[in-house]
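Enquirer: Now for the letters of each chain:
Number of protein chains: 2
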Amino acid sequence: MAARAICCTGALLLLAFVSSSAGLSLDTVREFLTREEDTIVFSLIERARYPINRPAYDPVHLGDGRRLNASFAELFIRESEAVQSKAGRYQSLQEIPFFAYRVPFTLAPPYNFTSELYPAATFVNVNDAIWSMYFNELLPLLAKTGDDGNYAATVDSDLACLQVLSRRINYGRYVAEVKFRGDQQTYTSLIQAKDRDALMKLLTSEAQEDVVKRRVEKKAIVFGQSITSDGPIETSVNNSSGTDFKVNPSVVYKLYDQWVIPLTKQVEVEYLLHRLD
Amino acid sequence: MAARAICCTGALLLLAFVSSSAGLSLDTVREFLTREEDTIVFSLIERARYPINRPAYDPVHLGDGRRLNASFAELFIRESEAVQSKAGRYQSLQEIPFFAYRVPFTLAPPYNFTSELYPAATFVNVNDAIWSMYFNELLPLLAKTGDDGNYAATVDSDLACLQVLSRRINYGRYVAEVKFRGDQQTYTSLIQAKDRDALMKLLTSEAQEDVVKRRVEKKAIVFGQSITSDGPIETSVNNSSGTDFKVNPSVVYKLYDQWVIPLTKQVEVEYLLHRLD
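Chains as they are written, first to last, in UniProt numbering: chain A, 1 to 277; chain B, 1 to 277.
A portion of the hints provided could be inaccurate.
Since the list gives no way to pick out one identical chain from another, each pair is judged satisfied if it fits inside one copy or across any two copies.
[What the hints assert, rightly or not] Restricting the straight-line Cα-Cα distance to at most 27 Å, the calculated cross-link-like pairs of lysine-lysine (DSSO-like) are:
| no. | residue 1 | residue 2 |
| --- | --- | --- |
| 1 | 246 | 213 |
| 2 | 213 | 179 |
| 3 | 86 | 144 |
In short, the hints are calculated from the structure, not lab data. Since the structure is predicted, the reported quantities are computational estimates derived from the model, not experimental observations.
Given the sequences, and given the hints that come with them, work out the whole structure.
Expert: See the structure below:
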């Protein structure tokens, strides 16, 4: 009976998926990804307001001399995500927490989320890689040295960066779903052959990636400039040395070049490999 | 003994205040307020990504048919602020929660915050007015109609707006402190006479307020435009009808004109009235 119930749930999920996924198109996917760029640049600019605030990332020392394995940042993010989980944030498949929660979903008003993803491949995500990239690679490029004691506000802004990077990169599942539907025959044979390299090649458009990288660099310039009420608006992309901007535009370029785009494609390939499960 | 201990604490606070307040100047205050404008515009743009999502603001219905007096938004903000309080966010006097918390401040690394405010006047804030203005006046101008079910993410972006508006407006305490020190004699006699009107007049510079309002409107135009990798950057302040921007620039102008600037001056006057306590 239990197995049958699960099987039934699976069939219902699949039915919901088939009937609801008509809204997904290459246009809506591109629009979403382009809009996320603004949120990413805003969140990086906001994190860069604070100095690095190193003590927030060291292992926590308790009053009794014991040392935890976790940092203040990790504890803060765990507790904040738990509140958001309880509030139903992760009912939307677009949002994936960095830590797993088993809190009851209680107070949020009910809402019937449609699933545009193939149920058996929905779970794919690279949050562990995003977490490690953010703290070890990106944050040192973003924040100036110093310590102003605003650890909670600082780590809250880290969480904002992590959430949008996770949503953007793991949106690769939606990208892959749209591409799969657009050329079902080609993808099916590559998936059945488990040919990762060929899938990656098929998913890659260097010209399109170049457009995206130049656009996010430009967004860092425009959104990170100092605006006066009368002065001219800075528009020169050549002056991107980083000294005049709140976040170095070349860091945002690098973020997309080295991490966002490659990790998104990794998500796409993993999703496709489960697309026929 | 208890009274003496409290008295001693007061004297120590005052000593800390006198020795640490050298860092505050008209320049640092202006720089802070100008930088907050960017954060405010970013946070409004982010809230405007979501539709109004009305069910998040209605009184919560429990499963058993009972109705709470609080909305999902209020419950979410209470729980989020409690986590931030536990994480020490409100150890900085620049941050004031919307709800009072008595949670122990435990896991954040220790930090010696200096107090640049006069201890007896630190408590001044207008968070209740900000809360009411935000939900009743600003939000309806900001968010489009609709319901996408992303209640937790939506209300999380409300909290970001509320936090920066609170920090910006209640920073009036710092503005007032700097102005008081710059002309101690004039302010002292007006404070002793409890002359609110004369204080308000002394704190008002319509020319300076006009510069600020035009600048935030311009920031809404620059930060809220759509950026393409090759196209020109929109610089025309004339085209601020709102249709091409993520947040209507005239709404941001109105926010400062009708609420941010008047509420800040209200904070300044209240702070000054307690500056000699």
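Enquirer: Are the hints correct? Go through all of them and say.
Expert: Tested hints:
{"no.": "1", "hint": "246 - 213", "result": "both (18 Å within a copy, 22 Å between copies)"}
{"no.": "2", "hint": "213 - 179", "result": "within (21 Å within a copy, 46 Å between copies)"}
{"no.": "3", "hint": "86 - 144", "result": "between (35 Å within a copy, 26 Å between copies)"}
Violated hints: none; the structure is consistent with every hint.
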